[in-house]
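With the sequences and hints as input, model every part of the structure.
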Amino acid sequence: MPLVESGEEGTLRVSGAEIAEAPSDILAYRKSFRVDDQPIVVIVSEDLGALSRSQAELHAWTAVVSLLLILLLVGTLWLGINLSMRPVVSLKAALKRLQDGEISRIDVRAPEEFQPLVLQLNQLLDSLDQRLERSRDALANLSHSVKTPIAAVRQILEDTDRPLPNTLRQQMAGRLDDIDRQLEAEMRRSRFAGPQVGKSAYPLKQARDLLWMLGRLYPAKSFEMSTVLTEERRWPIEEHDLNEVLGNLLDNAGKWSARFVELGLQEDGKGFAITVEDDGPGIPPDALDTLGTRGLRLDEQTPGHGLGLAIVREIADRYGGILNFSSGPTGGFKATVHFPGTTGGIRQ
1 MPLVESGEEG TLRVSGAEIA EAPSDILAYR KSFRVDDQPI VVIVSEDLGA
51 LSRSQAELHA WTAVVSLLLI LLLVGTLWLG INLSMRPVVS LKAALKRLQD
101 GEISRIDVRA PEEFQPLVLQ LNQLLDSLDQ RLERSRDALA NLSHSVKTPI
151 AAVRQILEDT DRPLPNTLRQ QMAGRLDDID RQLEAEMRRS RFAGPQVGKS
201 AYPLKQARDL LWMLGRLYPA KSFEMSTVLT EERRWPIEEH DLNEVLGNLL
251 DNAGKWSARF VELGLQEDGK GFAITVEDDG PGIPPDALDT LGTRGLRLDE
301 QTPGHGLGLA IVREIADRYG GILNFSSGPT GGFKATVHFP GTTGGIRQ
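In this text, residue positions in the sequence shown follow our numbering: the first is 1, and each later residue adds one.
Please keep in mind that the hints were generated in silico from the structure rather than gathered at the bench.
With a straight-line Cα cutoff of 30 angstroms, these simulated DSS-like cross-link-like pairs (lysine-lysine) come out:
#	residue 1	residue 2
1	K205	K221
2	K255	K221
3	K270	K96
4	K334	K270
5	K205	K334
6	K92	K270
7	K205	K255
8	K96	K205
What follows is a list of derived Cβ distance ranges for each label pair:
#	residue 1	residue 2	range
9	P281	P219	12 to 22 angstroms
10	R53	K92	54 to 64 angstroms
11	Q130	M85	32 to 42 angstroms
12	E231	M172	48 to 58 angstroms
13	E231	G320	20 to 30 angstroms
14	L139	D268	27 to 37 angstroms
A quick note: this is a predicted structure, and the numbers were derived from the prediction, not measured. All C-beta atoms in this analysis are idealised placements derived from N, C-alpha and C, irrespective of residue type, glycine included.
So this is what it looks like as structure tokens:
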């Protein structure tokens, strides 16, 4: 054997032994000495291959345990963060419901640290609602206070016994009509204030009420509605604003239609839309872009002040919506208002 036959002393390492079933890598300590002139060799050896295999196994188990500990640590951190952020997620969901009109105020079971924030937000909403109501009341009071002297002056002008030239009467009456129309327009504008958090409307119910009323106003014409909405469906739009949009579009179509007016209420993933189409004479393509301009009337013979479509455009702009005009399949006039909405409607 190499270790026995070797003349080296001390620590030795033998690799590639050619003996069958013998370790291939050995670490040994060899010491030779004599006893009674007899040579004696003492060899202590260790199989390094078994030691290497033990080390590899230890390293593998260490890696597995380390990986499990890391996964456990990440899972614990994720759970802790989610539990600590639960009040914030709940507050975010409440704000989303408030924006969509499902609730009018925030009611969240938040930790003590979040309670002042929730209270301040609700107080801000109360303050905004109060300011809006005061603004509407003030403008309505101002309008009514101005209408009274206008009515008095109009009575004077209509009294033909007073010594006023007819041309002057007509000019003054025209100016009073302008003031009256402007006041009427401002009063109608004061009643809508654009998107308000916590406000929503039932489009199907309001549409049916308006169709019934306009059917009485234009008995010779048919008003129909096409929609898949249910009764409990709500849209994130203030009720009066929706009334203004539907009422002005339907009234405009009723004036110009020959026999029928069709109202469509649709929803998609990007929001909700209102479509009103009639079978009237339609609008020239070059005049479509000018529609919706305040005071503009394409036909002075038809009653109105040219404010209806302008009001619809103003409401659409305040909600970030788009008002489009086009020609319908029958050649009549078609108006479409698309409002953005993250939910495409609200369920009760």
